[in-house]
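Please put together the full structure from these sequences, using the hints given.
Number of protein chains: 2
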Amino acid sequence: MAGAEGRGTTGAGGVVAFAAHDHAHCAGEVMARAEALSAASGARLTPVRRRTLEILLQAHRALGAYEVLEHLAAEGFGNQPPVAYRALDFLVEQGLAHRIRRLNAFAACMHPGEAHSPVFFICRACNAVAEAPAEAVRRATEAAAAGIGFSVERTTVEALGLCPACAEVGA
Amino acid sequence: MAGAEGRGTTGAGGVVAFAAHDHAHCAGEVMARAEALSAASGARLTPVRRRTLEILLQAHRALGAYEVLEHLAAEGFGNQPPVAYRALDFLVEQGLAHRIRRLNAFAACMHPGEAHSPVFFICRACNAVAEAPAEAVRRATEAAAAGIGFSVERTTVEALGLCPACAEVGA
DNA sequence: GTCATGTATGTAATATCATAACATGTCAAG
DNA sequence: CTTGACATGTTATGATATTACATACATGAC
Numbered sequence: 001m002a003g004a005e006g007r008g009t010t011g012a013g014g015v016v017a018f019a020a021h022d023h024a025h026c027a028g029e030v031m032a033r034a035e036a037l038s039a040a041s042g043a044r045l046t047p048v049r050r051r052t053l054e055i056l057l058q059a060h061r062a063l064g065a066y067e068v069l070e071h072l073a074a075e076g077f078g079n080q081p082p083v084a085y086r087a088l089d090f091l092v093e094q095g096l097a098h099r100i101r102r103l104n105a106f107a108a109c110m111h112p113g114e115a116h117s118p119v120f121f122i123c124r125a126c127n128a129v130a131e132a133p134a135e136a137v138r139r140a141t142e143a144a145a146a147g148i149g150f151s152v153e154r155t156t157v158e159a160l161g162l163c164p165a166c167a168e169v170g171a
Numbered sequence: 172m173a174g175a176e177g178r179g180t181t182g183a184g185g186v187v188a189f190a191a192h193d194h195a196h197c198a199g200e201v202m203a204r205a206e207a208l209s210a211a212s213g214a215r216l217t218p219v220r221r222r223t224l225e226i227l228l229q230a231h232r233a234l235g236a237y238e239v240l241e242h243l244a245a246e247g248f249g250n251q252p253p254v255a256y257r258a259l260d261f262l263v264e265q266g267l268a269h270r271i272r273r274l275n276a277f278a279a280c281m282h283p284g285e286a287h288s289p290v291f292f293i294c295r296a297c298n299a300v301a302e303a304p305a306e307a308v309r310r311a312t313e314a315a316a317a318g319i320g321f322s323v324e325r326t327t328v329e330a331l332g333l334c335p336a337c338a339e340v341g342a
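Listed in order, the protein sequences are those of chains A and B.
For the first sequence, my numbering puts the final residue at 171, and the numbers step up evenly by one.
For the second sequence, my numbering puts the final residue at 342, and the numbers step up evenly by one.
It is worth saying that the hints were derived from the structure and are not from the lab.
Relax, there's no trap hidden among the hints.
Just the calculated beta-carbon pair ranges, DEER-fashion: (1) Pro-253/B / Arg-124/A: 17 to 27 Å; (2) Cys-197/B / Arg-124/A: 29 to 39 Å; (3) Glu-35/A / Pro-335/B: 36 to 46 Å; (4) Asn-250/B / Gly-170/A: 34 to 44 Å; (5) Asp-193/B / Arg-154/A: 25 to 35 Å; (6) Gly-76/A / Ser-212/B: 49 to 59 Å; (7) Asn-79/A / Asp-193/B: 52 to 62 Å; (8) Gly-320/B / His-111/A: 13 to 23 Å.
A few chain A residues that don't get close to chain B, going by computed Cβ distances all over 12 Å: (9) Ala-27; (10) Glu-29; (11) Val-48; (12) Phe-77; (13) Asn-79; (14) Ala-115.
For glycine and all other residues, C-beta sits at the position ideal for the given N, C-alpha and C.
Here's what the structure looks like:
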């Protein structure tokens, strides 16, 4: 369960965290928190939405909307793109998932509920994506915004480079 | 020539800078620097590529690849997508233009040659895009990367919010 | 309960963005 | 004047995303 399972072999993304860890455990824990948050906020975590989040968590990497759709369709949900996009958009709005623009993909948020300005580190060799909190990045961005009178509502920060494993192999 | 001309009326982007300024002047200056840089580095700023950069500068906002293509085709260049994408990719590689992922669009770099980690501020009301240097953001990102052993090669930082003009009107 | 209302889902059709593959043209070194 | 490298043109297709509309389900008013 731990380690580099499935890294970058099939789709848009690789594993979500670089370090080895208990995958089933972290997915279950995140799912539980997502449910608690939805209940608290009144957001309706319906079957499609819940299943979409589970799919992202189980894949444990960034998935394209059409990849998610395949899973959903195979399980009896609709098989047209809006089904996946709507569920994914909902999750992103609720802070339960993130959109990785560089990959045209989506990944489950690993720290739902915690106030965080996530930064994504994307390995150009294996497509693995790691999410890291980066309050300092948000502060720096807002400082720059203040200088030109811009009010920031959301930020996207994505860094492309090499993850530890690929850096070792490639260099 | 100065002011909010054409802001967000036709395409993917609005004006590139929020503040009023002499548009023809800044475009000309940037173009001159782009030529000098290309000459110095040996990069071949061919007619299509040069014209593509001019189109971005003249539009003074973020343009989609197909918008650029329309201009190019109207001037006798090829009218198929690869023509635009290749020219735009070249400009991005040379640091003469930037890709704005949130808008699926491209904008001329306003500070070519200067080492900079640009941050883009995108107004959600008028789609205007401003490019600002943000060395502090880059440093903060690399500090976070160091914590997980990731080596950063390129970063994308895009902030969505309201530009000064829209904030005034809307609020 | 049942009706009205808002929200969620399903489906069809299409719009938009991007690339692969290959042919042709240009230019400078040898 | 040929060769090799790079640039451009063109065809075709792939990948991503949205609009529009129909149907179903939940919730609260009565």
